[in-house]
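Chain residues, written in single-letter form:
Number of protein chains: 4
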Amino acid sequence: MGDFFTEMRVRYSETDQMAFMYYSNYLVWFEVARTTHFRSVGLDYNKIEKERKLYLPVVEANCRYKAPLRYDDLAKVYTKISDCGKSRLTFDYKIYLNEKLTTTGFTRHAFINEKGKPIPIPEDIRTHLLQ
Amino acid sequence: MGDFFTEMRVRYSETDQMAFMYYSNYLVWFEVARTTHFRSVGLDYNKIEKERKLYLPVVEANCRYKAPLRYDDLAKVYTKISDCGKSRLTFDYKIYLNEKLTTTGFTRHAFINEKGKPIPIPEDIRTHLLQ
Amino acid sequence: MGDFFTEMRVRYSETDQMAFMYYSNYLVWFEVARTTHFRSVGLDYNKIEKERKLYLPVVEANCRYKAPLRYDDLAKVYTKISDCGKSRLTFDYKIYLNEKLTTTGFTRHAFINEKGKPIPIPEDIRTHLLQ
Amino acid sequence: MGDFFTEMRVRYSETDQMAFMYYSNYLVWFEVARTTHFRSVGLDYNKIEKERKLYLPVVEANCRYKAPLRYDDLAKVYTKISDCGKSRLTFDYKIYLNEKLTTTGFTRHAFINEKGKPIPIPEDIRTHLLQ
Chain U
52 MGDFFTEMRV RYSETDQMAF MYYSNYLVWF EVARTTHFRS VGLDYNKIEK
102 ERKLYLPVVE ANCRYKAPLR YDDLAKVYTK ISDCGKSRLT FDYKIYLNEK
152 LTTTGFTRHA FINEKGKPIP IPEDIRTHLL Q
Chain C
52 MGDFFTEMRV RYSETDQMAF MYYSNYLVWF EVARTTHFRS VGLDYNKIEK
102 ERKLYLPVVE ANCRYKAPLR YDDLAKVYTK ISDCGKSRLT FDYKIYLNEK
152 LTTTGFTRHA FINEKGKPIP IPEDIRTHLL Q
Chain G
52 MGDFFTEMRV RYSETDQMAF MYYSNYLVWF EVARTTHFRS VGLDYNKIEK
102 ERKLYLPVVE ANCRYKAPLR YDDLAKVYTK ISDCGKSRLT FDYKIYLNEK
152 LTTTGFTRHA FINEKGKPIP IPEDIRTHLL Q
Chain X
52 MGDFFTEMRV RYSETDQMAF MYYSNYLVWF EVARTTHFRS VGLDYNKIEK
102 ERKLYLPVVE ANCRYKAPLR YDDLAKVYTK ISDCGKSRLT FDYKIYLNEK
152 LTTTGFTRHA FINEKGKPIP IPEDIRTHLL Q
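Residue numbers (our numbering), protein chains in the order written: chain U, 52 to 182; chain C, 52 to 182; chain G, 52 to 182; chain X, 52 to 182.
Among the hints, erroneous ones may be present.
DEER-style ranges, computed between Cβ atoms [said to hold, decoys possible]:
1) U:ASP95 <-> G:GLU150: 55 to 63 Å
2) G:GLN182 <-> U:LYS98: 47 to 55 Å
3) U:LEU125 <-> G:GLY167: 18 to 26 Å
4) G:GLY167 <-> C:ASP134: 36 to 44 Å
5) U:VAL92 <-> X:SER138: 26 to 34 Å
6) C:LYS98 <-> G:ARG90: 28 to 36 Å
7) G:LEU94 <-> U:ASP95: 44 to 52 Å
8) X:TYR147 <-> U:GLU174: 35 to 43 Å
9) X:GLY167 <-> C:LYS98: 43 to 51 Å
10) U:LEU181 <-> G:LYS166: 17 to 25 Å
11) C:LYS166 <-> X:SER138: 41 to 49 Å
12) U:LEU152 <-> X:TYR147: 21 to 29 Å
Residues from chain G that face chain X, not an exhaustive set, calculated with beta carbons under 10 Å [unchecked claim]:
13) THR66
14) GLN68
15) SER75
16) SER91
17) CYS135
Computed list of lysine-lysine pairs in DSS-like fashion (alpha-carbon distance at most 30 Å, straight line) [stated by the list, open to error]:
18) C:LYS117 <-> X:LYS151
19) G:LYS117 <-> G:LYS168
20) C:LYS168 <-> U:LYS104
21) X:LYS117 <-> C:LYS151
22) C:LYS151 <-> X:LYS127
23) X:LYS166 <-> X:LYS127
24) X:LYS151 <-> X:LYS104
25) U:LYS131 <-> G:LYS117
26) C:LYS101 <-> C:LYS131
27) U:LYS98 <-> C:LYS168
28) U:LYS166 <-> G:LYS166
29) C:LYS131 <-> U:LYS168
30) U:LYS98 <-> C:LYS131
31) X:LYS98 <-> G:LYS166
32) C:LYS166 <-> C:LYS127
33) G:LYS168 <-> C:LYS127
34) X:LYS137 <-> X:LYS166
These are computed hints drawn from the structure, not numbers from a lab. Each residue gets a CB set at the ideal place from its N, CA and C atoms; glycine is no exception.
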């Protein structure tokens with residue numbers, strides 16, 4: 052993975068009665084790490100939505116749970132753009148607790164406009180993402 | 052409480068490591084029960100938002116946790132409109148597990164328009180709510 | 052898909068500012084549909100955990116989002132066991148809104164005991180699951 | 052309010068279709084801020100649960116929503132212990148976005164042991180909390 056990561060701590064609300072982080076919450080973490088990744092390369096995803104009316108919905112998500120995260124664990128979510136096509140984008144994720152890899156995953160996204168139609172990734176956004 | 056209730060089952064995702072339903076999820080249950088209450092009196096909250104551009108945000112929420120709910124519990128959320136002012140509305144909630152009262156609460160709401168301005172509750176909606 | 056399905060309605064809490072069901076919530080729906088599937092074949096997942104101290108954590112989850120679900124949509128989540136190995140199990144999911152397929156996915160699970168060790172799927176559970 | 056606060060950013064998952072932070076998520080924020088407050092006064096809530104088998108469930112929660120929080124907003128959640136009785140504790144919360152007060156609330160807690168019985172707040176914990 053590259054140099055981008057977001058440090059996150061497991062919230063009590065994110066645990067389940069098995070005392071693990073509940074499995075859907077990893078996708079929430081992926082999304083937070085994506086937003087941070089955008090910010091790290093000089094993009095503001097919030098402004099992309101609000102000012103340019105472009106959206107990046109998820110078309111596929113995948114997560115492999117190798118070891119559990121537990122309440123109050125402070126972990127690092129590494130993000131990497133593994134594919135950047137004409138109008139689609141793939142983010143890869145790896146979550147480390149201390150030095151241990153606990154989770155891997157990916158999300159695929161389409162760029163769409165306000166009407167929900169797929170559009171080519173704007174060049175300025177592509178340039179930032181691939182820097 | 053009146054005759055309106057929604058039957059709900061505790062999801063695994065709603066539990067926490069104490070093996071109780073996590074405390075914020077009761078507000079989610081209240082919201083589901085509110086939607087059902089609207090439907091029961093002939094109102095479609097979704098259409099009120101989409102077609103009439105009226106919204107009913109929460110201005111205050113309160114919940115008292117008397118006994119925990121646990122995974123897979125099948126409970127009844129009773130709803131009652133306890134106050135209906137010019138532009139504000141209060142829902143009261145009681146959650147029963149079998150015959151036992153486990154939770155009470157209320158939510159206060161304002162009617163607002165698309166611009167976020169408070170408006171008087173439309174007469175047709177008031178009529179349905181107070182029937 | 053087989054005959055097992057769970058009818059579910061999109062909660063307001065499950066929407067996001069794109070006005071779609073937020074992508075991690077589909078995994079919550081999958082879990083609710085799994086619990087119903089267990090119940091439909093005569094198994095009580097809650098009792099399996101509480102009385103037999105067996106757990107079925109997710110080792111991989113996947114979801115493909117073909118069309119969005121929106122607030123108050125009433126959809127059907129079809130479940131099917133597509134693989135049942137010595138100690139692992141795969142559930143497939145298809146979500147239909149009216150007659151339209153909106154979502155597909157799968158979850159892979161390991162059977163583990165109280166100490167977190169993988170164990171063979173008990174014969175009585177296998178018999179129920181594969182009926 | 053005192054000197055304790057936690058900086059938090061609104062997650063996409065926390066928004067709803069009104070484009071506001073969904074109302075139950077404020078209670079999640081309160082919980083995160085509580086954990087930070089504990090840490091700030093030298094207590095580790097996770098260890099209190101795991102090593103001492105003491106729990107601090109919520110017996111009442113209240114929240115007043117004065118102004119909405121929106122996606123990506125970076126806000127401060129101030130916490131203060133407003134009451135500390137024999138076995139009960141009250142936390143007050145104020146959320147500020149920039150210099151604007153958006154939200155107030157409180158949570159009341161009971162100290163219980165592993166069997167769910169209320170117990171007096173241990174003296175060492177009280178000392179830390181009231182410092």
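Pairwise hint evaluation, LYS104 (chain X) against LYS151 (chain X), where the allowed Cα distance is 30 Å at most: 39 Å, violated
Pairwise hint evaluation, LYS117 (chain G) against LYS131 (chain U), where the allowed Cα distance is 30 Å at most: Measuring from Cα to Cα gives roughly 24 Å; hence the hint holds.
TYR147 (chain X) versus GLU174 (chain U) beta-carbon gap, inside 35 to 43 Å or not: 39 Å, holds
Residue hint SER75 (chain G), partner chain X, criterion CB-CB below 10 Å: Holds: closest Cβ of chain X sits about 6 Å from SER75 (chain G), inside 10 Å.
Closest C-beta approach of THR66 (chain G) to chain X relative to 10 Å, hint status: Where the cut-off is 10 Å and the nearest Cβ of chain X is about 4 Å from THR66 (chain G), the hint holds.
Restraint check for LYS98 (chain U) with LYS131 (chain C), where alpha carbons must lie at most 30 Å apart: Distance of about 41 Å is beyond 30 Å: violated.
LYS166 (chain C) versus SER138 (chain X) beta-carbon gap, inside 41 to 49 Å or not: At 48 Å between Cβs, range holds.
Holds or violated: LYS101 (chain C) to LYS131 (chain C), with C-alpha atoms at most 30 Å apart: 24 Å, holds
Hint consistency between LYS117 (chain C) and LYS151 (chain X) [alpha-carbon to alpha-carbon, up to 30 Å]: Violated - the C-alpha atoms of LYS151 (chain X) and LYS117 (chain C) are around 34 Å apart, more than 30 Å.
Hint consistency between LYS98 (chain U) and LYS168 (chain C) [alpha-carbon to alpha-carbon, up to 30 Å]: Distance of about 25 Å is within 30 Å: holds.
Outcome for the supplied range 43 to 51 Å, where the beta carbon pair is GLY167 (chain X) and LYS98 (chain C): 44 Å, holds
Consistency of beta-carbon spacing, LYS166 (chain G) to LEU181 (chain U), with hint 17 to 25 Å: Violated, since LEU181 (chain U) and LYS166 (chain G) (Cβ atoms, about 46 Å apart) do not stay within the stated range.
Of the numbered hints listed earlier, those contradicted by the structure are 1, 4, 5, 10, 12, 16, 17, 18, 19, 21, 22, 23, 24, 28, 29, 30, 32 and 33.
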